[in-house]
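Student: Protein chains in written order, with UniProt numbering: chain Z, 1 to 239; chain S, 1 to 239; chain F, 1 to 239; chain R, 1 to 239; chain X, 1 to 239; chain W, 1 to 239.
Please note that a few of the clues may not be correct.
For identical chains, the list gives no copy identity; a pair is met inside one copy or between any two copies.
Said to hold, decoys possible - In the EDC-like style, the derived pairs of lysine to aspartate or glutamate whose C-alpha atoms are separated by at most 20 Å in a straight line are:
#1 232 - 153
#2 233 - 42
#3 233 - 19
Worth flagging that the hints you see were computed from the coordinates, not collected in a lab.
Below are the chains, spelled out letter by letter.
6 protein chains.
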Amino acid sequence: MRILVTNCNTTEAMTKEIEAGARAAASPGTEILARTPGWGPESAEGWLDSFLSAAAVLDLLRGLTEDAESFDAVVLAGFGEHGREGARELLDVPVVDITEAAAHLACLLGRRYGVVTTLDRTCGLIEDSLHTAGVARNCVAVVGAGLGVLELDDERRTESALLTAARRVRDAGAEVLVLGCAGMTGLDRRISTMLDIPVVDGVAAAVRLAESLVALKLTTSRAGSYARPLEKKRTWPSG
Amino acid sequence: MRILVTNCNTTEAMTKEIEAGARAAASPGTEILARTPGWGPESAEGWLDSFLSAAAVLDLLRGLTEDAESFDAVVLAGFGEHGREGARELLDVPVVDITEAAAHLACLLGRRYGVVTTLDRTCGLIEDSLHTAGVARNCVAVVGAGLGVLELDDERRTESALLTAARRVRDAGAEVLVLGCAGMTGLDRRISTMLDIPVVDGVAAAVRLAESLVALKLTTSRAGSYARPLEKKRTWPSG
Amino acid sequence: MRILVTNCNTTEAMTKEIEAGARAAASPGTEILARTPGWGPESAEGWLDSFLSAAAVLDLLRGLTEDAESFDAVVLAGFGEHGREGARELLDVPVVDITEAAAHLACLLGRRYGVVTTLDRTCGLIEDSLHTAGVARNCVAVVGAGLGVLELDDERRTESALLTAARRVRDAGAEVLVLGCAGMTGLDRRISTMLDIPVVDGVAAAVRLAESLVALKLTTSRAGSYARPLEKKRTWPSG
Amino acid sequence: MRILVTNCNTTEAMTKEIEAGARAAASPGTEILARTPGWGPESAEGWLDSFLSAAAVLDLLRGLTEDAESFDAVVLAGFGEHGREGARELLDVPVVDITEAAAHLACLLGRRYGVVTTLDRTCGLIEDSLHTAGVARNCVAVVGAGLGVLELDDERRTESALLTAARRVRDAGAEVLVLGCAGMTGLDRRISTMLDIPVVDGVAAAVRLAESLVALKLTTSRAGSYARPLEKKRTWPSG
Amino acid sequence: MRILVTNCNTTEAMTKEIEAGARAAASPGTEILARTPGWGPESAEGWLDSFLSAAAVLDLLRGLTEDAESFDAVVLAGFGEHGREGARELLDVPVVDITEAAAHLACLLGRRYGVVTTLDRTCGLIEDSLHTAGVARNCVAVVGAGLGVLELDDERRTESALLTAARRVRDAGAEVLVLGCAGMTGLDRRISTMLDIPVVDGVAAAVRLAESLVALKLTTSRAGSYARPLEKKRTWPSG
Amino acid sequence: MRILVTNCNTTEAMTKEIEAGARAAASPGTEILARTPGWGPESAEGWLDSFLSAAAVLDLLRGLTEDAESFDAVVLAGFGEHGREGARELLDVPVVDITEAAAHLACLLGRRYGVVTTLDRTCGLIEDSLHTAGVARNCVAVVGAGLGVLELDDERRTESALLTAARRVRDAGAEVLVLGCAGMTGLDRRISTMLDIPVVDGVAAAVRLAESLVALKLTTSRAGSYARPLEKKRTWPSG
């Protein structure tokens, strides 16, 4: 099985990290194919970036499809970012977004969960994304750690800021944590140990859910919302 | 006062129609400036188109800002389309989307309202847009008329299909109708007369709401969600 | 255009203040006609006052209608007070309540808004009013400043108490503030400057929304809830 | 124990009928005291009537209190009408409204209930009343029978119209019916037999709930919303 | 009238206390019949205990029915425990659970109520129980006092812990308190006096509601959810 | 990896069928261990059966644990049945219920899903189960096919009845179907083909989700609701 994982921003280093996380989570027989959009923001933090990113990722997916790149499922690795529903229209294979994926697994592990993310300005995006995905009900809080996506390099500061945010989420009633950022893979175990609470990483969750859908021969419904796009003239940025 | 109205698709004829509708609704002293995105779909019907359109409209707005084009408010003339929150981050002037605008006025005219739109596949988009705008609660139904955006040319067929959909919305409990498509200006009066029920046109509503915000010196809050975009590298399609 | 603005209590001085606020917010061609109910409470603080006020305002409106007083729209200037739906049944012209009006504009300015009002005991009234108006979803908090309506004279104390309440609302996640009391006009700008956040005044918002509805030839739906009152014997207090 | 039952309109015949229903439902030792407001509508059908009625009933209650009339609890016998919260502020004894009372008992009898009422125009009022009372969640439908309150005299037509409406409510998923009109006492048993489903009458339910509160020495909380009214000048219609 | 009250655990001393509370709350002519399940947990604290308790109570009820024990209504005296809907299927007489009973009366006494219970781990159970009973909407908080059910013997510690929890509930906006544990009867008055706020005891509330249903000849609907159990082979623990 | 699958009723033939379905869905390396409760109903149809079944399944799980039976995860194969949260308290390994599992995967395949089940009387159970699992929001309908669990043997009748119910669900807006009964495995593909819509089988979904949790080393949170059961005396039916 071959799963395409798309980064939501143009930073190659982050694509590499996502790829590593996806590989670590995948079943033995699964091949991970990570790709970076050709344009868009170098990090997605807020609605402007998110809408820019959504179109760039869709442009990337369209290009891969036209190039007859073969894959069995797609994982959209942008936490809280837009684009999910468009990818479902565009592709015949199942599409799993890391935001919803983490929430789905979190719901199985406790009565209430919460999300720790980078900047406060992205909390609203995440709340809306969980809501439309249909899994917001058991989410008690989405809390920002005051860190920009590209600051995640400083591991020590990142860990400390995330821990503080994680404690706030737990005190709000969360019994399970979701790490709300694609580049945080690895930190999940450490925070889980320190707080003695399960921590779900979106990339890992999405890879496993994508595998499950493929194994069960399930893919996006074409009845209703995600019918194939109508034939029409569309001017795409990448031509 | 100068209000910029952006079409959500690349069809110039539709921009013209929107412009005419905006002008007809505007106060005497208001100047309308209508613009078409430089890329994107020729019509927006579904999530793929909507995300493509959102980035294209944001690209257009960014370009106008960089060119120091002057305007006091922006009306986003794509019914149910994405992008609204991104424009609020990008611009210092107030931004009004025609989806929310129509809903806001509809709430003032009856206890429950409903939306009539073109294709069924866009109903979910509209429902989500009303929800995040905070005005979904009194909406009883969003019903598609089975018409593509670019088929609206055939006035007779359009009117008949919309009337059928409008009756379904009314029977679901709507006391007020919203016309959920940018290019429908003019039809609102006719349907209103035929069904003896108020019909709100989104472009007209948005122009008046934008004027109101400007007159009251109110603009988007920079505290929280719609803070100015962070400085960073963004590769925009239009360069 | 002529807009009738009704105070919700019998205090003439407050009617004058509301009138001044309405005038300051109105378009050049709009005439403001402010009226005080002939009976009811001298200030509306709580449900008992609110129900008394609602009937008194409806009695006033009925009297004006029977006297063939001419006006193009009505603004109900009682924040959180009852009566709105009754006025819509009674009158053929559009009716805008300052509670809902402020909320509608606030929704356009940020992802979440909050309300600062006078006494804590009125918070529940306001929450219910926003809910039935269909705009409660994006409201994060309604906070009382511990001030009686008739104590608003002491400007310094008022400002200080409102600022404290406003900070609580902002800390609860509000990106926009609504001033929840009819006699607070003028304070909106000062609090806005001090907290660097948009502040919406209900009277100003309602006047502009009323103007918009009149300009767009929209008025209350007679289909369903707000059908004309049935002919029957009603004993009105004012005879 | 002495329970005051207030009609919501000025029609004495209806007060008599309500009184009879209340007596039939009361415990042996309970005395029923029925009263008619001194002004207001002859029947309450819609918001205008409801707000007029609310003030008239509060005026009546105030008068009785000032006259030192003694009673242990109050039942407000206007289905869906306003005023409940005001009476709770005004009085030290418990207040039970027939709308909420019927819903509370209905919740104990089935997983979902529905309401059958007179005119369609009152359905919205009832929905809002159930919502603020906190018991709307298990209500699946509120359906009007197309009958005016004062037409209930014609028993045959009333029964037939109510049966039709009751079937619609049941088909919407209601396992229990609430008869949503004060003057329908007696019909509950017949409809219950015909449809083989429990039917709750609001007056009977409210009398029993009022008795229960008195017996358990429970009365309205003065902490928060229903604190005693502030001392101030109030001009009441009845002087 | 004869009301059967079932304890949810196997501790006889608690059954006695519940019986005393039920008797104190019942009308003069009402006979109270208290019963203890023959198996299950000695106290119900959490889901495991609750599901065990539910089956044990249903087993008890089935046994009593087969033994032709006669009673007019059943009160289920396990706060937040499961089983309610099953008892409604099983029995022809009305069934009232103390969780919902307390909430129904609390809704009549203030705009918002809250629940104080024993252990934090049972809060979720109670929230879910209020939700399915249809009375969660006006509940602002369910707070645990950090006490095990069987620790309630130490009256002083119990009172102090409950008072602390009660203050948290009040500060969260509750105007009425519900005591969320079957063995707390008696404490309600003391906490009510100390906090000057109504406190509802579930057993007392349920007894009065059960009496009301019997008096009004109302019982569980057989249409839909609570139809009589299908004839089939069921292996019951008690044989 | 070893997954324990528990039937919710005492019918061995159904356990076999569930076992076969689980095996067909599992990854190559996964071993399926199917077990039948030692007591309880022969089929679970309604709340009485569901509560009986919940305790019986928990009793079974307790026994297996005490016998040191080894397994890495548990799948609860009773659609809409109670017990899930109790199993999470009892066990250290992850627990997945087929109701929630099917819903989680369905959310990934379309904007709205619906459930087709056996008898109408179980619809409420399923709705409540989806609600507490946090995945009810995107469910548009739960529809019964009018078939008892033990009638599923008659394949032709079953298929026809389910198809009729499935069409109703689809017409209510479902873009994805969930088969709401443990013994329906196999039918999912046929209905999917006939309606051209994805159909999710709960057993298959739960097995894959359980595998995912085990692979990602995630298990139930012990912080809060699902803390280990308190040590106490519990009389279990099976001794």
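Student: Are the hints correct? Go through all of them and say.
Tutor: So, going through the hints one by one against the coordinates:
Taking the closest pair of Cα atoms, residue 232 and residue 153 come within 20 Å of each other only across two copies (16 Å); inside a single copy the shortest separation is 43 Å, beyond that limit. Taking CA atoms no more than 20 Å apart as the test, residue 233 paired with residue 42 passes between copies only; the shortest distance there is 6 Å, against 29 Å inside one copy. For the homomeric pair residue 233 and residue 19, neither the shortest alpha-carbon distance inside one copy (34 Å) nor that between copies (22 Å) is at most 20 Å.
Consistency note: the structure conflicts with earlier hint 3 alone.
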